[in-house]
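Visitor: Below, each chain spelled out in residue letters.
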Amino acid sequence: GDSVTQMEGPVTLSEEAFLTINCTYTATGYPSLFWYVQYPGEGLQLLLKATKADDKGSNKGFEATYRKETTSFHLEKGSVQVSDSAVYFCALSSGTYKYIFGTGTRLKVLA
Amino acid sequence: DTAVSQTPKYLVTQMGNDKSIKCEQNLGHDTMYWYKQDSKKFLKIMFSYNNKELIINETVPNRFSPKSPDKAHLNLHINSLELGDSAVYFCASSHERAEAFFGQGTRLTVV
Chain L
3 GDSVTQMEGP VTLSEEAFLT INCTYTATGY PSLFWYVQYP GEGLQLLLKA TKADDKGSNK
63 GFEATYRKET TSFHLEKGSV QVSDSAVYFC ALSSGTYKYI FGTGTRLKVL A
Chain P
22 DTAVSQTPKY LVTQMGNDKS IKCEQNLGHD TMYWYKQDSK KFLKIMFSYN NKELIINETV
82 PNRFSPKSPD KAHLNLHINS LELGDSAVYF CASSHERAEA FFGQGTRLTV V
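Here the protein sequences come in this chain order: L and P.
In terms of this note's numbering, the first sequence opens at residue 3 and continues consecutively.
In terms of this note's numbering, the second sequence opens at residue 22 and continues consecutively.
Possibly wrong hints are sitting among the right ones.
DMTMM-like cross-link-like pairs, simulated, lysine to aspartate or glutamate; straight-line CA separation at most 20 Å [stated by the list, open to error]:
1. L:LYS58 with P:GLU120
2. P:LYS30 with L:GLU44
3. L:LYS51 with P:ASP91
4. P:LYS65 with P:GLU120
Hint data in this document are derived by calculation from the structure and do not stem from the laboratory.
Let the hints inform the model, and build the full structure from the sequences given.
Guide: This is how it looks when you write it as structure tokens:
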């Protein structure tokens with residue numbers, strides 16, 4: 003079945019450091035891919051998305067490119083802030099009435 | 022305007038009790054979901070409904086009974102609560118394969 007694999011956390015960075023969170027997927031067909039962010043005590047918020055190969059999703063300085071050849075959708079940000087501290091989830095949808103999530107990666111940014 | 026709202030936000034109850042969580046979305050979406058998030062932040066699909074019809078029941082104990090009175094509502098009733106049911110439950114909605122919108126979550130604690 004479909005699956006999403008994310009890098010294990012936690013990831014601890016200093017403010018203004020470069021962030022990469024790896025995400026790879028297994029799916030039949032051509033899924034849509036998403037990154038969600040969860041702040042403490044809150045629900046999941048969509049951070050960015052891509053619906054076909056080579057699409058780049060971007061939002062709030064975060065970017066991810068849908069790479070079909072490597073089945074990857076890695077999240078990057080050039081300069082993280084303390085306010086980016088949260089749990090990040092990679093997810094896919096194959097049109098089967100469910101979203102498959104990775105295990106989540108906790109990011110902690112230190113001032 | 023809250024897109025997906027669920028109530029209550031917190032629920033503390035004793036083992037053996039029966040409780041309900043309500044969810045409403047004002048986005049006009051056809052598909053609604055219940056997800057369970059465990060203490061390690063892992064998100065697992067429980068149910069999905071499309072146009073009030075049950076599409077996915079992901080091997081959830083039959084103590085959990087979802088009900089969708091209309092496309093905008095998906096409630097979750099839980100009978101005979103057990104300690105292992107303690108988790109955060111998220112309602113979500115989507116239109117086809119577009120991104121899912123999540124509620125703020127209901128933190129259920131069974132004592």
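Visitor: Hints numbered earlier in the text: which of these fail when held up against the supplied structure?
Guide: Violated hint: only 3; rest satisfied.
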